[in-house]
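**Student:** Chain by chain, the residues:
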Amino acid sequence: MSSSLSDPSIRSHLRALLAIARKDWITYWRYPLSAVSSVLQPLIWLTPVYFMGLAFSVNGKAQGFAAYSGTSDYMSFILLGTALSNFISAVFWGMGYSLKNDMDAGVLESNWLAPLPRPLLLVGRTLTSLLITAITSLLMLILAGLIFGFKPTGNVLAALLTALPLLIGLYGFGFAFAAIVLLMREANTMVDISSYLVQLFSGSNFPVNALPRWLLPVALVLPLTYGYDAVRGFLLKTKTLLPIPLEVAMLVVFMFLMIWLGLRAFRALERHVRKLGTLGQH
Amino acid sequence: MATLASSQSFSRTSILSELRALKAIARREWLIFLRYPSWIIAIFVWPVIFPAMYILGARALAGPDGSGLSVFLKTAGTDNFLGYIIVGTTVWMWQNIVLWDVGFALRQEQWRGTLESNWVSPTFRFSFLIGNSLVQLFTVMTFILVSYLEFTLFFGVRFAGSPLLALLVMLAAIPSIYGLGFAFASLVIAAKEAQNFVFLVRGIVMIFCGITFPIAVLPGWMQSIAGWLPQTHIMNAMRSALLTRVGLPGLRSELIILIAFGAFWLTVGYLLFMWMDRRAKRTGVIGQY
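Order-wise, the sequence lines are chains W and V. Heads up, the first sequence is in this note's numbering, so the first residue is 1 and it goes up one at a time. Heads up, the second sequence is in this note's numbering, so the first residue is 1001 and it goes up one at a time.
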C-alpha cells in the first residue's frame, strides 16, 4: 500500500522510474541489430574524419591541429569528443524523441495521467539510454582505439567527475527540448538538428578556437564547450580555453542554472499544450 | 460524358491512366511533404550544418597559419578544401536522403496501412516508386540549389568550374542513386525493419568514397572497393566539374562509367522490385506490418 503508485512517495517514484527503464531495456534488446549499430555507427562517422586527418598530416602528426589544440594526437581528441557526444545524443533522443514515440503509439495521454511528476517520466526515459550509451561508448572506444589509436595520458577519474555536472546539466536542455516537442508534435528533424548543432558548436570534433571569429561567441556561451574542453584537458592535456578549475566551477553553476531554466520552460510549455488540448494529437 | 469517363478510368489501363496515377501519387507525396514544415526547414538547414562539422575540422587541421594546407594540396591536388568537402558531403547527403525517402516509400505505405489496397489497384506497381521519386527528385534538386547558394554566401566558396557541367554530372548520377533507392525499397519490404541497412549502405559510402578526403590516402584494398562504388565516381566527376576547368573532354570517362553504373543499378532495382512483387503475392507479405 505504501508503495502504491496511486499514493505517490519517493519509493513509488523510484519504482516508476525503474519500470520505465525496464520497459525501455526490454524494447531495446528486442532489436539486437540496433545494439551492434550503436557501436558501429560512431566508428563509421569517425572514418572520414580519420582519413581527413591523414590528408593533413605528415608521419601521423597533425602539426596544424597541434597549434590550435596543444596536441598532435588528432584521433584521441576526436574519439573523446565522440564519446561525450554520444551522451548528448542520448539525452536529446531519450527525452525529445521518446515523447514523440509515445504520441505515435497513442500512450502519451494515459502516461500523463499517471501520479508521477512529469519531468520524472522524462528522466525515466533517459536511464536505459544512458546505460546503453555508457556500454556502447566504452566498446566504441576500445574498438576505435584498436583501429585508429586512442592514447589518453591524463587523469581518468578527474575527467569522469568533470563529465558528471555536464551530464546532469544536459537534462535541463532535455526538459526544455521535450516541451518544444510536445508543442510542435514533431521530433525527428528537431532532435537531429539541435543535437547536431550543440555538438558542432561545443567543439566535439575540433578545438573551438578554430571557429571563425563571428561564430566563436556561440561556442563560448554553450556550457558544453567547457565540458568538452575540461575533460580533454584532464585526459589529453590539451590547451584549455580557461584554467580547468574555473571551467569545472562554471560547469557546476551551469548545471543548476540549466536544470532550473529547463524545468521552468517545461512546466510553462506543458501547461500551454494542455490548455490547447493537443497532448493526444500527433 | 460516358466516353470521357471510360477513357479516364483506372480500371482500363492505358498510358494516359498510368500518367494520371503517377500524377496522383506525386501529388499525394507533395501534399504530405508540405504538411510537415520542419521537413522544409531541414532543406535549408542541413546543407549548411552537415558539412560544417568537417569544414571546421579541416580548418583546425590546416592550423592557424594554414600550414596543413600544403600537405592537403599534395594529396588532394587542390587546396580548396572547402569546395572539396562540400561536394563530397552533398553527394553523400543526396544518397542518404534517397535511401530514407525512396527506400522507405513502400514501407511507409505499409505503416499507413495503404500498401495492400494500392497494390490491388490496376496501376503499374513500379509507379508507386517512380511517383514518390519525382517529388523526392524535386526536393533534392531544391536542396542542392540551396546548398550551392548557401556555400557561396556563408562559406565564401568559389567554384572555378562550370555549374552546367555539374548539372550534367548530376543527370548522369541520377540512375545510379535512384536505382539503388529502388533496390532498397524492395529489400525493405522483405526485411521489414531496415534502418540498420540504411546505416550500412550510407556507412559504406562514407568510409570508401572519399567524402572529405582524397581516395589516395586509403589503403590499396580500400581504394579497389571505392572504384566499384558509383558514389566515388560521382564525387570525382562533380569535383572535377565544379573545382577545376577540365571541361567536357576531361569528364568523358567518368560520365561513361556513371551511365554504366546507372544502367546496372536501375536494372537491379527493377528486378528486385519484380522479385518482391512475386514474393508478396506468394507469401502475403504486403499486408503484414
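Simulated from the structure, these hints should not be mistaken for laboratory data. Virtual Cβ for every residue (Gly too), placed ideally from N, Cα, C. Keep in mind that the hints are not guaranteed to be accurate.
From the derived model, a few chain W residues whose C-beta atoms are all more than 12 Å from chain V [said to hold, decoys possible]: (1) Arg-22; (2) Lys-23; (3) Leu-43; (4) Leu-46; (5) Met-52; (6) Asp-104; (7) Leu-143; (8) Ala-163; (9) Arg-185; (10) Tyr-196; (11) Leu-197; (12) Pro-207; (13) Val-208; (14) Arg-267; (15) Leu-276.
Pairwise CB distance ranges, derived in the manner of DEER restraints [claimed, not checked]: (16) Leu-183/W / Leu-1145/V: 47 to 55 Å; (17) Arg-1278/V / Arg-15/W: 32 to 40 Å; (18) Lys-1074/V / Trp-25/W: 28 to 36 Å.
**Student:** Each of the hints needs a verdict: does it hold here or not?
**Tutor:** Do the hints match the structure? See the list:
1. At roughly 22 Å from the closest C-beta of chain V, the C-beta of Arg-22/W stays outside 12 Å, upholding its exclusion from the interface.
2. Interface exclusion of Lys-23/W from chain V stands, the closest Cβ pair being 19 Å apart, more than 12 Å.
3. With a least beta-carbon separation of about 9 Å from chain V, Leu-43/W fails to lie farther than 12 Å from that chain, contradicting its non-interface assignment.
4. Distance check on Leu-46/W: its Cβ comes as close as 10 Å (rounded) to a Cβ of chain V, failing to clear the 12 Å threshold; non-interface status is violated.
5. With a cut of 12 Å on Cβ distances, Met-52/W falls inside the contact zone with chain V, its closest approach being about 4 Å.
6. The Cβ of Asp-104/W sits about 10 Å from the closest Cβ of chain V, inside the 12 Å cut-off, so the non-interface label is violated.
7. With a cut of 12 Å on Cβ distances, Leu-143/W stays outside the contact zone with chain V, its closest approach being about 14 Å.
8. Consistency note on Ala-163/W: stated as away from chain V, and its beta-carbon is indeed over 12 Å from all of that chain's, at 21 Å minimum.
9. Residue placement check: Arg-185/W does not keep its beta carbon more than 12 Å from all beta carbons of chain V (closest about 10 Å).
10. Distance to chain V contradicts Tyr-196/W as a non-interface residue, since its nearest Cβ pair spans about 6 Å, not more than 12 Å.
11. The Cβ of Leu-197/W sits about 6 Å from the closest Cβ of chain V, inside the 12 Å cut-off, so the non-interface label is violated.
12. Against the 12 Å criterion, Pro-207/W falls within the reach of chain V, whose nearest CB is about 6 Å from its own CB.
13. Its beta-carbon lying about 9 Å from the closest one in chain V, Val-208/W breaks the requirement of being farther than 12 Å from that chain.
14. Against the 12 Å criterion, Arg-267/W stays outside the reach of chain V, whose nearest CB is about 24 Å from its own CB.
15. Residue-level check passed: Leu-276/W sits 17 Å from the nearest beta carbon of chain V, beyond 12 Å.
16. Under the hint 47 to 55 Å, the C-beta atoms of Leu-183/W and Leu-1145/V, about 31 Å apart, miss the expected range.
17. Distance hint for Arg-1278/V and Arg-15/W: a CB-CB separation of about 52 Å, inconsistent with the stated range 32 to 40 Å.
18. The hinted window of 28 to 36 Å between Lys-1074/V and Trp-25/W is violated, with their beta carbons roughly 51 Å apart.
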